[in-house]
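Given only the sequences and the hints, what does the whole structure look like? Please build it.
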Amino acid sequence: MLNSKVPQGPLAEKWTNHKNSIRLVNPANKRSIDVIVVGTGLAGSSAAASLAEMGYNVKAFCFQDSPRRAHSIAAQGGINAAKNYQNDGDSTYRLFYDTVKGGDYRSREANVYRLAEVSANIIDQCVAQGVPFARDYGGLLDNRSFGGVQVSRTFYAKGQTGQQLLLGACSALSRQISKGKVKLYNRHEMMDVVVVDGKCRGIIARNLVTGEVERHGAHAVILASGGYGNVFFLSTNAMGSNVSAAWKAHKKGAHFANPSFTQIHPTCIPVSGSHQSKLTLMSESLRNDGRIWVPRKKEDAQAVREGKLRPVDIREEDRDYYLERRYPAFGNLVPRDVASRAAKERCDAGFGVNETGEAVFLDYASAIERYGKTEANIRGLENPSASEIKALGTEVVKAKYGNLFDMYKQITADNPYETPMKIYPAVHYTMGGLWVDYNLMTAVPGLYAAGEANFSDHGANRLGASALMQGLADGYFVLPYTVGDYLADDIRTGPISTDHPAFEAAEKEVTERIQHFLNNPGDTPVDDFHRKLGRIMWNNCGMARNADGLKQAIADIRALREEFWKKVRVPGTATQYNPELDKAGRVADFLELGELMCVDALAREESCGGHFREEHQTAEGEALRNDADFTFVSAWEYTGDPSEAKLEKEELVYENIELKQRSYK
Amino acid sequence: MNLTLKVWRQNGPEDKGRMETYPVSDISEHMSFLEMMDVLNDQLVRDGKDPIAFDHDCREGICGMCSMFINGEAHGPGRGVTTCQLHMRSFKDGDTIYIEPWRAQAFPVIKDLVVDRSAFDRVIQAGGYVSVNTSGNTIDANTIPIPKADADEAFNAATCIGCGACVATCKNASAMLFVSAKVSQLALLPQGQPERELRVKRMVEQMDKEGFGNCTNTGACEVECPKGISLTNIARMNRDYLTASLKGE
Ligand SMILES: Cc1cc2nc3c(=O)[nH]c(=O)nc-3n(C[C@H](O)[C@H](O)[C@H](O)COP(=O)(O)OP(=O)(O)OC[C@H]3O[C@@H](n4cnc5c(N)ncnc54)[C@H](O)[C@@H]3O)c2cc1C
Ligand code: SF4
Ligand code: FES
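Protein chains in written order, with this note's numbering: chain A, 1 to 665; chain B, 1 to 249.
What the hints contain is simulated information worked out from the structure, not anything from laboratory work. Think of the CB as a built atom: it goes at the ideal place given N, C-alpha and C, for glycine as much as any other residue. Incorrect hints may have been included.
Where chain A lies over chain B, by a calculated footprint (3+ residues, C-beta under 8 Å) [unchecked claim]:
#1 18-32
#2 51-60
#3 63-69
#4 78-88
#5 109-119
#6 215-221
#7 233-245
Here are the simulated lysine to aspartate or glutamate pairs, DMTMM-like style, with alpha carbons at most 25 Å apart [unchecked claim]:
#8 K49/B with D582/A
#9 K148/B with D136/A
#10 K181/A with E205/B
#11 K251/A with E648/A
#12 K400/A with D152/B
#13 K158/A with D152/B
#14 K14/A with D140/B
#15 K400/A with E153/B
#16 K532/A with D50/B
#17 K158/A with D116/B
#18 K158/A with D140/B
#19 K49/B with E512/A
#20 K183/A with E210/B
#21 K183/A with D208/B
#22 K49/B with D527/A
#23 K179/A with E210/B
#24 K181/A with D116/B
Here's what the structure looks like:
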């Protein structure tokens, strides 16, 4: 039975009481304790730096050439914190409430509250490290607002918030590396976790440059290996983002929670052809001023697709601003899951506007006109001409969104100031992940999961700017306490020997798999299988799911997996830098995870957040939750085959928030 | 379009390396440069040959991983873009494209187009941080107002992605632009003041130790830098270094 170990007591006092009651390890003993951190994104860097600073010996691993290149670097929009600098009524409780509601009531209250509670400290910490957040003319920190909330609590550094936060966390890491308290293993991939007598005692890693397979012992292991959106092949994640570390942990006994909860972001640049290798996000902030539409008539949509009709020539009354039509109260600012589904609905109905039929317009013409008129008033221009208004409005839009418009132009060669942008939803984030208790420990003692790799805080849908907050909260402020509590039992253990048969067995398995790949007499490149898997997942376990599709997907994935092992061709050797080999291992794991995601989606007979089951919707096509039967976390235990995984339910108890049906009408 | 690629192949750090020629066909102008490389590698794998190793990850110009020297230019033609942001519409049918790794003593080749840039990380480890503990028990973030102009300039310096194009493009393989970007970011902020002099001394020392060349103010780095990191950062670092050295004596 899973025990979430949520401390007793009133919600607002749980964390403080817990911190005061957990055990500490004295400084001399910390020096004889080793901790491994896999991943150097926001969660991993901050955890490794903090634990090293406390005195533990830390080994940090990342597969990129430098810790600074972890995928956190790509986050654009910002990071939430309940500072209430804007005096707009924000508070710890409000951030907590918004996050639980945004997650469609499928997250654990106590964890979310703690997240909101430590959020303010994150900003203090980052500023002290020299993170150059945006400031106003008075020299104080500036905020912006994000989808799904009514306050301005998002701190940002232009469109590069993730970069600045990660460089901040990496600077703390660098400081500990220079002191010798952290040993960095870059271009290293974790291949397996090692469990000795029921406790996690280390990992098997592979040096990606020399190919050497290494054993690393430790008293505790933290996985901060990021999300698994790349199971869809096309996503906004970096090419190397993968599930392997988490999946290996799952196979060694860690439960995988809510694997099917995927966030599909509504504003991404659409797929342009079969060569596409990844998708690019256009910041959510664009929905503040842009209007989303498709042609009202099918023949217009077809003409646009064929390049015979320009969108600017479609008359106002022939346009369907479908979000404004369906959700008059929130309009273009409905939450991500709702906006994405509505785009899919229009495109499926034949109103898509690019060659593939999978794109909608994001139009700035009205914003340019509106801003232009205001600007003309401010400047006291009388009877400005339409072109003057446009020029003035364009300036305003350029100042606000210039870098995003440039990026769009760079990728598509279209000028978004002159013609509406084309956008389509894309896989962006995975709320699911390794199941962890309140201490962020998985079901395997001594094995922790942090950041996007765990499932802990976002329920069935994550609010914008909350992932960065969670990563840093886990690493700076939660793990340093909770890991210590566990390690208090280990002060007399001494160094972990890597001669144990468990290490030997794990290493042997890793080496055999590598040899299998290299010796396989196949003829098909790894990417071929990955693309096919992505297609299956996107069509059946994407924005809308149904029982028949999911069952078919499970069968298709199993067949594809079998074919993969027979037909994959991996060139090169095991003793040299070999990216194809690295990829093969990752795709092999995705091929198992994908199946579990479908199993999970099939079992959850309701619609909630990013999980939309077509069988469970209202007459108007809105998501229909089933609180009576599904207010629980689905935690899956590995039993040898993804389809045979055993479901354990962690019931979610809401003591402080009343469950309501979300409505944005 | 159809193209001829001349690509640097090097089978490990000890290998001498050579240029090899690969024709590619049916390349769409919508592809990114790296997607074109994917097409070539797919073909090489199918033909039972060794695919070309190259570094990449985010493919949107922010992680700093991609690093190709294309037709004699770091990150290829076009200003303000990384290799991964380069599109095939920048080329035309029949073009011959030369693709090489970053070349610098401090960046040894690992394989083909992949080089080892950990020297950059060691320079940062030498002092590119503020020595503050991560307990969160610092002062409130708004206690020290920072003039917007300073904050913006610090931010601009901090947008360096650590790609190494500046080193690759410099005839002396100098890392001054990269190092000065970090030195400047922290020199412009109040939080960076206590360690300002120590920091610049340590980082410059480490930079020299890693075998980067001297700066002769050619300015090629600024031209090729995908993030527009400005030469004024180098001037600022030189001033700080001078101050620090004078005081040190
Ligand atoms: C384009 C984009 C924009 C975003 N914008 C925002 C935003 O504005 N606000 C927000 O809050 N969130 C945003 N997010 C989400 C957020 O960026 C991520 O959820 C978060 O950064 C994840 O951090 P992490 O530390 O958990 O993992 P990552 O940063 O993904 O780090 C994973 C680390 O694990 C390592 N690793 C993985 N597998 C292995 C292995 N097997 N062996 C060794 N090392 C391994 C990697 O090398 C890396 O160091 C965005 C995401 C994307 C894709
Ligand atoms: S200064 Fe510019 S070229 Fe040099 S590493 Fe930084 S971003 Fe790259
Ligand atoms: S791949 Fe990340 S910057 Fe090019």
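Evaluated hints:
Figure legend: the region 18-32 of chain B, annotated as covered by chain A; annotation consistent (4 residues with Cβ-Cβ distances under 8 Å, at least 3 required). Residues of the region 51-60 of chain B lying with their CB closer than 8 Å to a CB of chain A number 8, which satisfies the three-residue condition for coverage. Remark: the region 63-69 of chain B is confirmed as covered by chain A, as 3 of its residues place a Cβ nearer than 8 Å to a Cβ of that chain, reaching the required three. Remark: the region 78-88 of chain B is confirmed as covered by chain A, as 3 of its residues place a Cβ nearer than 8 Å to a Cβ of that chain, reaching the required three.
By the rule of at least three residues with a Cβ nearer than 8 Å to a Cβ of chain A, the coverage given for the region 109-119 of chain B holds, with 6 such residues. Counting residues of the region 215-221 of chain B whose CB lies closer than 8 Å to any CB of chain A gives 0, which falls below the minimum of 3, so the coverage claim is violated. Residues of the region 233-245 of chain B lying with their CB closer than 8 Å to a CB of chain A number 0, which falls below the three-residue condition for coverage. Taking the CA atoms of K49/B and D582/A, the gap is near 17 Å; set against the 25 Å cutoff, the hint holds.
Under the criterion of a C-alpha separation no larger than 25 Å, the hint pairing K148/B with D136/A is consistent with the structure, at around 6 Å. Taking the CA atoms of K181/A and E205/B, the gap is near 22 Å; set against the 25 Å cutoff, the hint holds. Between the alpha carbons of K251/A and E648/A the distance comes to roughly 15 Å, so the proposed pair stays at or under 25 Å and holds. A hinted pair counts as satisfied when its Cα atoms are at most 25 Å apart, and K400/A with D152/B qualifies at roughly 15 Å.
Restraint check for K158/A and D152/B: the C-alpha separation of about 10 Å stays at or below 25 Å, so the hint holds. Among the hinted pairs, K14/A with D140/B is consistent with the structure: their alpha-carbon atoms are about 23 Å apart, no more than 25 Å. Straight-line distance between C-alpha atoms of K400/A and E153/B comes to about 18 Å, which keeps the hinted pair within the 25 Å bound. With a C-alpha separation of about 23 Å, the suggested pairing of K532/A with D50/B holds against the 25 Å cut-off.
For the proposed pair K158/A and D116/B, the alpha carbon gap of about 30 Å is over 25 Å, so the pair is violated. Distance restraint check for K158/A and D140/B: the Cα-Cα separation of roughly 22 Å lies within the 25 Å cut-off, and the hinted pair is therefore satisfied. Restraint check for K49/B and E512/A: the C-alpha separation of about 23 Å stays at or below 25 Å, so the hint holds. Taken as a hint, the K183/A and E210/B pair is honoured in the structure, with Cα atoms around 19 Å apart against an allowance of 25 Å.
The hinted pair formed by K183/A and D208/B meets the criterion: a straight-line CA distance of about 23 Å does not exceed 25 Å. Among the hinted pairs, K49/B with D527/A is consistent with the structure: their alpha-carbon atoms are about 16 Å apart, no more than 25 Å. Between K179/A and E210/B the CA atoms are separated by roughly 19 Å; this keeps the pair inside 25 Å, and the hint holds. Restraint check for K181/A and D116/B: satisfied, since their Cα atoms lie roughly 23 Å apart, inside the 25 Å limit.
Hint compliance for this structure: hints 6, 7 and 17 are broken, all remaining hints hold.
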